[in-house]
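Participant: Sequence:
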Amino acid sequence: MALYDTFIDRDKKSNWFEFHTRQALWFGMIAGAVAFVALAWPLLLSAIVAGFAPVAGGTITATIWIYVFAMLVDLAVFGVFLVLALGYSRRAARGDMFEIPLVSQITRRVGVKR
Numbered sequence: 197m198a199l200y201d202t203f204i205d206r207d208k209k210s211n212w213f214e215f216h217t218r219q220a221l222w223f224g225m226i227a228g229a230v231a232f233v234a235l236a237w238p239l240l241l242s243a244i245v246a247g248f249a250p251v252a253g254g255t256i257t258a259t260i261w262i263y264v265f266a267m268l269v270d271l272a273v274f275g276v277f278l279v280l281a282l283g284y285s286r287r288a289a290r291g292d293m294f295e296i297p298l299v300s301q302i303t304r305r306v307g308v309k310r
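Residue numbers for the sequence shown follow our numbering, beginning at 197 and rising by one.
These are calculated hints, taken from the structure and not from any lab test. Each residue gets a CB set at the ideal place from its N, CA and C atoms; glycine is no exception. Fair warning: there could be bad hints in the mix.
What the hints assert, rightly or not - The calculated label-pair distances, taken between Cβ atoms and stated as ranges, are:
(1) Gly275 x Glu214: 41 to 47 Å
(2) Val276 x Val245: 22 to 28 Å
(3) Lys208 x Met267: 34 to 40 Å
(4) Arg304 x Phe213: 18 to 24 Å
(5) Thr257 x Pro297: 28 to 34 Å
(6) Lys208 x Ala272: 39 to 45 Å
(7) Leu280 x Phe203: 42 to 48 Å
(8) Pro297 x Ala231: 17 to 23 Å
(9) Gly283 x Leu241: 44 to 50 Å
(10) Met293 x Val264: 39 to 45 Å
(11) Met293 x Leu271: 16 to 22 Å
(12) Tyr200 x Val279: 43 to 49 Å
(13) Asp270 x Arg290: 49 to 55 Å
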């Protein structure tokens with residue numbers, strides 16, 4: 197939704213709407229990047245383990261444990277971002293003007309206009 201609203205030109209956009217749309221877009225991009233890393237690291241780690249393990253049975257066991265741990269990490273990451281997104285959604289629905297701390301830190305470094 198935020199990506200769509202960023203590129204659609206509406207006649208009447210309030211500063212509040214633009215600010216929160218921009219924050220939602222950056223929050224979504226950050227969450228997507230974190231999700232990609234959370235899903236990709238077990239593949240990379242299991243490839244490294246497979247390259248160094250001399251015994252095939254040990255490689256399979258290690259790979260299974262890597263993916264078990266990765267599933268737990270993925271669930272935790274999903275839970276954190278779900279709780280954050282729902283909290284931000286509730287605040288925006290009430291009409292609050294607020295900054296998402298992680299987004300504001302990153303956009304200040306990148307130099308995104310506010």
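Participant: Take the hints in turn and mark each one as holding or not.
Facilitator: Against the structure, the hints:
| no. | hint | in the structure |
| --- | --- | --- |
| 1 | Gly275 x Glu214: 41 to 47 Å | violated (30 Å) |
| 2 | Val276 x Val245: 22 to 28 Å | holds (27 Å) |
| 3 | Lys208 x Met267: 34 to 40 Å | violated (46 Å) |
| 4 | Arg304 x Phe213: 18 to 24 Å | holds (21 Å) |
| 5 | Thr257 x Pro297: 28 to 34 Å | violated (41 Å) |
| 6 | Lys208 x Ala272: 39 to 45 Å | holds (41 Å) |
| 7 | Leu280 x Phe203: 42 to 48 Å | violated (24 Å) |
| 8 | Pro297 x Ala231: 17 to 23 Å | holds (19 Å) |
| 9 | Gly283 x Leu241: 44 to 50 Å | violated (32 Å) |
| 10 | Met293 x Val264: 39 to 45 Å | holds (43 Å) |
| 11 | Met293 x Leu271: 16 to 22 Å | violated (33 Å) |
| 12 | Tyr200 x Val279: 43 to 49 Å | violated (24 Å) |
| 13 | Asp270 x Arg290: 49 to 55 Å | violated (31 Å) |
Violated hints, in rising order: 1, 3, 5, 7, 9, 11, 12 and 13; the structure is consistent with all others.
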